[in-house]
Amino acid sequence: MTEPDYLNSSYTLRSWFLTTDHKRIAILYFASLIAFFFIGGAAATAIRIELATPQADLVSSDTYNRLFTMHGVIMVWFFLIPSIPNTLGNFIVPLMIGARDLAFPRLNLLSWYLFVAGGCVTLFAIVAGGIDTGWTFYTPFSTLYSNSYVIIAVTGIFIAGFSSILTGLNFIVTIHRLRAPGLTWYRLPLFVWSLYATSVILVLATPVLAITLVLLATERFFGVGIFDPKIGGDPLLFQHLFWFYSHPAVYIMILPGMGVVNELISCFSRKPVFGYKFVAWASLAIAAVGFLVWGHHMFVSGQSLLASLVFSFMSFIVAVPSAIKVFNWTATLHKGSLRFDAPMLYALGFLGLFTIGGLTGLFLACLAFDVHATDTYFVVAHFHYIMVGGMVTAYFGGLHYWWPKITGRLYSEYWARTAAVLIFFGFNLTFFPQFVLGAEGMPRRYHVYPPEFQVWNVLSSGGATILAAAYLLPMFYLGYSLFFGSRAPANPWDAPGLEWQTSSPPPELNFESQPVVTRAPYQYRTDFTAEPQNA
Amino acid sequence: MWREWIPFWKPGLSPYGGDVDLLFAGLLLASSLVLGLLIFLLLLFCVRYRAGNPVDRGNHDSKSWHWEVGWTSASLVIFLLLFVWGASVFLEIYRTPQGELSVFVVAKQWMWKVQHTGGQAEINSLHMPVHRPMRLVMASQDVIHSFFVPALRLKHDVVPGRYQSLEIEAVTAGHYHLFCAEYCGTDHSGMIGEIVAMEPADYAKWLNDQAPANSLAREGGALFREFGCSGCHGANSSVHAPPLEGLYGKPVPLADGSIVTADDKYIRDSILLPRSQVAAGYQPLMPSFEGKVSEDQLLRLVVYIKSLADHAP
Chain A
34 MTEPDYLNSS YTLRSWFLTT DHKRIAILYF ASLIAFFFIG GAAATAIRIE LATPQADLVS
94 SDTYNRLFTM HGVIMVWFFL IPSIPNTLGN FIVPLMIGAR DLAFPRLNLL SWYLFVAGGC
154 VTLFAIVAGG IDTGWTFYTP FSTLYSNSYV IIAVTGIFIA GFSSILTGLN FIVTIHRLRA
214 PGLTWYRLPL FVWSLYATSV ILVLATPVLA ITLVLLATER FFGVGIFDPK IGGDPLLFQH
274 LFWFYSHPAV YIMILPGMGV VNELISCFSR KPVFGYKFVA WASLAIAAVG FLVWGHHMFV
334 SGQSLLASLV FSFMSFIVAV PSAIKVFNWT ATLHKGSLRF DAPMLYALGF LGLFTIGGLT
394 GLFLACLAFD VHATDTYFVV AHFHYIMVGG MVTAYFGGLH YWWPKITGRL YSEYWARTAA
454 VLIFFGFNLT FFPQFVLGAE GMPRRYHVYP PEFQVWNVLS SGGATILAAA YLLPMFYLGY
514 SLFFGSRAPA NPWDAPGLEW QTSSPPPELN FESQPVVTRA PYQYRTDFTA EPQNA
Chain B
692 MWREWIPFWK PGLSPYGGDV DLLFAGLLLA SSLVLGLLIF LLLLFCVRYR AGNPVDRGNH
752 DSKSWHWEVG WTSASLVIFL LLFVWGASVF LEIYRTPQGE LSVFVVAKQW MWKVQHTGGQ
812 AEINSLHMPV HRPMRLVMAS QDVIHSFFVP ALRLKHDVVP GRYQSLEIEA VTAGHYHLFC
872 AEYCGTDHSG MIGEIVAMEP ADYAKWLNDQ APANSLAREG GALFREFGCS GCHGANSSVH
932 APPLEGLYGK PVPLADGSIV TADDKYIRDS ILLPRSQVAA GYQPLMPSFE GKVSEDQLLR
992 LVVYIKSLAD HAP
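Protein chains in written order, with this note's numbering: chain A, 34 to 568; chain B, 692 to 1004.
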C-alpha cells in the first residue's frame, strides 16, 4: 500500500459529511438514492397489490391516490433525475477526463445537501398526510381542490431543483475546463457527451419548473388567480409550463442511461462505438429538439389543432436521433468479440426495452392514436419502458461495470447475471400487459376498474413480484462483496478508459500523475491502429 | 377481417373507428418489423461474434457514414409518413361538429351530468341515436376531467372555464364505457358512466318517456327572470341593453370593431365576462355573473337564448 485510497484516507463522520471529494459525494448520493428507490418502490408494490383485484380491498381511494403520487414524485425527482448523473457521473466523469475533481467541489457538496434537504421536506409532506395530486400537479385540482400537503411537497421539489441546476452547471464547466492534455472533444468517452447534453437540459429547464411551482404555490396559498378560471386563471397555462420542463426532464432521465450503455457495449464487444460522432451529436440533438415537443402531452386538452400538428411533427423528429443511437449500438456488436458479463447483459436488456419504449413513443406521437391512448395504461407502460426498462437497467449495468472501481471489490458474477435476467423478465411481465390494458382503454390512476381488465392486471402484478425480488438481489450480493468480495485489480475489464488507468479504488486525487491522452476512446483491439472514426 | 387479428383489440364503433384501428395495426406492424429485425441482429451477432468464436472480424469500420445516412433517412421517411397518417385521422376525429343535435355535458367531482335540449337529464349515462352525429357541449364545474369513450376511440379533456365542443357518433347500437381519463381527485376511478347507443326509433321513444314537464329552454326562461336578466334585456326595459331575440348564430359587431358569431361560447362568456366582448353601440353596463351561476344554470340560459333565435328582434 503506497498511498491511501479515497475510502481509507479517513474514517471520521466529518470526513464524509464535509468532504469535497467528488468520489465521496457520489457515495453520499448513492446511499440517499437507495433510500428513495426503496420508498418509491414500496409505493409501487402497494399499488400493484391493490390492482390485483378490480375492487378496492387493500387501501381507500384517498390512500391509493397518495400512493401513486408518492411513487411518481419520489421516483422522478429523487431517484431517476439524480440517479446516473449524481452517482456514476459524479464519480466517473472526473476520472474519465483525467481531472482531480469537478470544477466546483464545494458546490458539488452543496448540491447534495440541497438534494437531501428537498428530499426530507417532501418526505415530511408524505409522512404528514401525503399528496394526492399525481406527480404532474395539474391545476386547478392542485391549487384549489386538493386537501393534501401540496405546498410542502412542491417546496421540497423546488429545493431539489437547485441541486439539479448546480450539478448541471458543475458538469458543464468541468467538461469544458478540466479535460486532460490531449483530450479533445472527439476523444471524450460518449458517457461524457451524454452527461454534457443532460447538464444543458438541467440548467435550462429546471428554472422553468421552479417558476411553475412558485406560481402554483402562490395561487394555492394566496389565492392569486393564475391557473384557476374561477379566479381568472388559465388551467392549460400550467400544463404548458409544467411540460416545458417535464418533457425535457424525460431526456434528463434517459440520456445518462444511453451514455452508460455506450461504455458497456463498447467494452464487452472489445470495439469502439460504431459512428462515434453521430452518437455524440445525437445526444445534443435530443437535448435541443426535446425542448420543442412538450405539447404532445396536450393533444386532447383543447390546445389548437395546429399546435397539436406541430408538436406531433416535432415528436417524430426527436425520435430520429434515438433511432440513430439504437442502430449504432447494434452495429457496434458487428464483428466484435462479445463477452456476456453482467454489465453486458444489462446493456443488451436496455437495447430491447428501450427500443420497445421508443417505438411505443411513436404510437403516442401519432395524433389519432394518442386521442385513444393518452391517459391510459398505454402511456404508463410506454414511459416505464423508457424510465425503468431503459434508465434503471442502464443504471444497474453501469453500477456493476464500475463497482470494482468504486469499491475496490469484485461481486459474484453468477448472482449478478441471475439478477440481470430476472429483472429483464420481471420487467416485461409487469409492463407489457399494461400496453394491452391501455389499448383496451383502461385509464391510468384508477383505483377500482371494470372486471374485464383483471386478467392483464393480475399478470402485471405477478410480474411486479418478480421484479421487486430481482431489484432486491443486488442489495445482497453487492452488499456482501463490500465486505467479503475479492480485491479488484485496477483494470478488471481490460478497458482503455482513463478511469481504469488508476488504482481501484482510486487515490484521493485520482491519479498519481497527470494523464495525457494521445488517441481516440475505446481502443480495445490491438490490431486496431488508425483513428476509428473516418465518418 | 383484419381487426380480429389483434386478439385484445375490439373494433372501434365510430365512423372513423376503423381508421384509428387501421392506424394502430400499421403502427404495430411497422414496430414489430423493426423490433424483429433488431432482435434478429442482436441474436445473430451475439452468437456469431461471441468471444472465442473463430470468424472473420476484419474491415469492420469502413464507410460508416453510408450506414448512418441510410438509416437516418429511412427512419425520417417512415416517421413522416406516420405523422401524416396520424394527423389526417386526427383532423377527422376533431372536426368541427356538424350535427344539429346538441347535448350538454357537465363534468363535476365525480359524475357526468347530461342535459338533452328537451329537458331530459341523466347522470353517468348518455343516450344517443346511432348513425347520427351529435354535438356535445362540455363544461366542467370544478377541475379538469376528460370525456373518454374507448369503444368510439374518442377522448377530449373537459377544462373548467370554457365550453368544449365535440362531435360524437356511434355506428352500432350498444352500451359502452364512459371513463373520466384525467385524474380529478378521490373518486376519479368512480367517475364512470355509459354511452347507450340506440336505434333512432328507440331513441325517440326514450326521449319521449323521459320528457320532463319543462324543457331546458323553459327552465332557462325562468332563470332569465330569476337572475334579473329580463330587467335589462326584456322588450319593455328602460336600460339600453342588446335584445337577445334572433341573436343566436348571427354575427355580432363588437365595440372594438371585430365581429364574432353568437354561439354557445360567446353567450357563456358574455354572461360570465360581459366586459370582454361588448357589442358595438352599447355601454359596458352589465355586471359579471361569474361565481353566481352554476354550469347547470348557464347551459339552461344558453339554451333559452338559443330558443329565441327564431323570434323577430
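Incorrect hints may appear among the rest.
Label-pair distances were calculated between CB atoms; the ranges are [stated by the list, open to error]:
#1 A502(A) <-> A742(B): 56 to 64 Å
#2 G881(B) <-> F254(A): 46 to 54 Å
#3 V454(A) <-> R739(B): 17 to 25 Å
#4 R786(B) <-> T251(A): 51 to 59 Å
#5 F157(A) <-> K941(B): 36 to 44 Å
#6 L945(B) <-> V488(A): 55 to 63 Å
#7 H822(B) <-> F465(A): 35 to 43 Å
#8 T251(A) <-> K701(B): 43 to 51 Å
Rather than coming from a laboratory, the hints here were simulated on the basis of the structure. Cβ atoms here follow ideal geometry from the backbone N, Cα and C, with glycine treated the same way.
Hints, verified against the model:
no., hint, verdict
1, A502(A) <-> A742(B): 56 to 64 Å, "violated, 31 Å"
2, G881(B) <-> F254(A): 46 to 54 Å, "violated, 30 Å"
3, V454(A) <-> R739(B): 17 to 25 Å, "holds, 21 Å"
4, R786(B) <-> T251(A): 51 to 59 Å, "violated, 39 Å"
5, F157(A) <-> K941(B): 36 to 44 Å, "violated, 58 Å"
6, L945(B) <-> V488(A): 55 to 63 Å, "holds, 57 Å"
7, H822(B) <-> F465(A): 35 to 43 Å, "holds, 37 Å"
8, T251(A) <-> K701(B): 43 to 51 Å, "holds, 46 Å"
Of the hints listed earlier, those the structure fails to meet are numbers 1, 2, 4 and 5, in rising order.
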